[in-house]
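**Q** Take a look at the letters that make up each chain.
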Amino acid sequence: MGEREELAMKDPKWRTMIVAGVVVAALATTHVGAASSAAVGIKEFKFTPSVLTVAVGTTVTWINHDEEPHTITSANAAFGSTGLSLDDTFAQTFIRPGRYEYFCALHPHMKAIVVVR
Amino acid sequence: MDRIDRRGFMECMAWAGTGLLWVSTSGVLSSRVIAPAAAAEAKPGRFSFAQISDTHIGFKGQANGDPTATLQQVVDRVNALRPAPAFVLHTGDQTHGQKAGAFDTVAEILKGLKTERIFYVPGEHDVFLDGGKEYLGRYGKGTVGGRGWQSFDYQGSHFVGLVNVLKYKGEGIGALGEDQIEWLENDLAPLSPSTPVVVFSHVPLWAVYPQWGWTTEDAGRALAHLKRFGSVTVLNGHIHQVLQKVEGNISFHTAMSTAFPQPAPGSAPAPGPMKIPEADARRMIGLTEVTYVPGQHSLAVVDSTLG
Chain A
1 MGEREELAMK DPKWRTMIVA GVVVAALATT HVGAASSAAV GIKEFKFTPS VLTVAVGTTV
61 TWINHDEEPH TITSANAAFG STGLSLDDTF AQTFIRPGRY EYFCALHPHM KAIVVVR
Chain B
1 MDRIDRRGFM ECMAWAGTGL LWVSTSGVLS SRVIAPAAAA EAKPGRFSFA QISDTHIGFK
61 GQANGDPTAT LQQVVDRVNA LRPAPAFVLH TGDQTHGQKA GAFDTVAEIL KGLKTERIFY
121 VPGEHDVFLD GGKEYLGRYG KGTVGGRGWQ SFDYQGSHFV GLVNVLKYKG EGIGALGEDQ
181 IEWLENDLAP LSPSTPVVVF SHVPLWAVYP QWGWTTEDAG RALAHLKRFG SVTVLNGHIH
241 QVLQKVEGNI SFHTAMSTAF PQPAPGSAPA PGPMKIPEAD ARRMIGLTEV TYVPGQHSLA
301 VVDSTLG
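Heads up: the sequence lines are chains A and B, in that order. The first sequence maps to residues 1 to 117 in this note's numbering. The second sequence maps to residues 1 to 307 in this note's numbering.
Hints in this document: simulated from the structure, not taken from any laboratory. Treat each hint with caution, since some may be false.
No more than 20 Å apart at the CA atoms, straight line, and that leaves these computed lysine-lysine pairs for PhoX-like [unchecked claim]:
(1) A:K46 - B:K275
(2) B:K167 - A:K111
(3) B:K275 - A:K43
(4) A:K43 - A:K111
(5) A:K43 - B:K60
(6) B:K275 - B:K60
Distance windows between CB atoms, simulated [stated by the list, open to error]:
(7) B:A100 - A:F79: 19 to 25 Å
(8) A:S37 - B:A100: 27 to 33 Å
(9) B:R82 - A:K43: 43 to 49 Å
(10) B:K114 - A:S37: 52 to 58 Å
(11) B:L191 - A:N76: 42 to 48 Å
(12) B:D76 - A:V51: 46 to 52 Å
(13) A:G98 - B:A224: 20 to 26 Å
(14) B:G248 - A:E44: 33 to 39 Å
(15) B:G248 - A:V51: 40 to 46 Å
(16) B:P294 - A:F79: 56 to 62 Å
(17) A:K111 - B:D76: 38 to 44 Å
(18) A:A39 - B:D153: 54 to 60 Å
(19) B:G220 - A:A77: 29 to 35 Å
(20) A:I113 - B:D130: 39 to 45 Å
Remember, predicted model here, so these are calculated numbers, not experimental data. Glycine included, each C-beta is placed from N, C-alpha and C at the ideal position.
Between the sequences and the hints, there should be enough to build the whole structure, so can you do that?
**A** Now the structure itself:
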C-alpha cells in the first residue's frame, strides 16, 4: 500500500487532481449561501408549480414523473432539454432576471413560467 | 354526384359487418371486433391494405415492457391477413421520443412485413427533437419536396399522406400549414368526384379532444377540398384507440397503437400511457385492416386487437 501511495503522489496527474479537488470543494463551500435550488415536477402532463419565482443564480431542476416523455423548451429558445423519460431530470441555472416562459415540445399545451428576480 | 348519407353508410357497414359491433354515442361510432372476420375471397378490383400506428419503440412502462415484441406480433398478424394487404400505412410515432436506435429497430422489424410497400407519415415523437431531420432523411425521399407528404393512386383510389406534426410547436396542436394545404388542393383538382379518396396522417384531422391536443388546427381547410368527393376515408393515429365519426361523405377513423393504449378523451386527468397490466393492454392494442370493394361507397375498416 505504502509503495502505491508514494507512486500516486509522485505522479503529477494525481497531484493536479487533488489540488483541483480542494479548489472545487472550497468554491462549493463559498457558494452554499448564495446559490439556491428549486424544483419543478412534471406529472399528468402538468408542470408544478406552473409559475415558479426564484432569485438570480438559482438552479431549477425538473423531474418527469410521467411514462410519457416531456421536454422543457424555452419559448424564446433561451434554454431547452431533450426528451425526458420517466424519472429523468433537467437542470438550468438562471443568471439573469426575467420571465422565462417554457412549454413541452411534445405537448405544447403544457406551459409554465420561471420568474427570476 | 356519388353521395352517401348516414343510412347508406350504416348499410355499408352492415355489409362489412363480419362480427363488428357498432356503438353510436352522440354520433360517434366505434367498432370492436367480436369475431374474426371471415376470409374474403379475391374479387377483381377488390383490394385491402393494413394500417399500423404508434409503434413507440423505446417505450417501457406498465402497459408494455417490450413494444418490439408486440410490434412483431402485429407484423405476424398482418402477414396472416387474407387477401394479403396490397401495402401498409404507418401513421406515425414509430419511436418513443426519438429514442436512440429506435428508427433502426422499427425498420428491422418492418422488413418482415410481406407486402409490396410501406408508406409513412411522421408522428410528433419522430420529429420533435430535430425538427424531422432524421425522419425525413429516412422517409422523405419521393415525398413532395422531401417534406414528408405525398399522394399515390392504387386501382382507381387516390391516397394522400399528410404531415401535421412539423408545425407542432408553439400554440400546441397539430397543423398542416399553408404550403401543404395548397399542394393538397392542386393534387385533388384533376380527380373526378367519384374517385375514392383515402387520407392518412398522424394527428386526427378532426377535433377529437382539443384539450389534450387531439386535433389539427387547420384541418377544416384541408377537408373543404375533400367535400366534393363521394367517398373519403380519413385514417389517423396519435390517440391510441379506435374512434370514428362520419361527417357527410367523410368517414374518420383512428387506429390503435401497437404499443400501449391511452385513456378515452376526458376520462383521465391527462393523456399518456395507461397504467394497466400488460394482459389488459393487449386487448387495447393492435392493427387495422381496410378493404375496398368496387361498387361499395365506403371502405370497410376492421380493427383487431392482440389480446
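**Q** Hint by hint, work out which the structure violates, then give me just those numbers in ascending order.
**A** Failing hints, ascending: 13 and 20.
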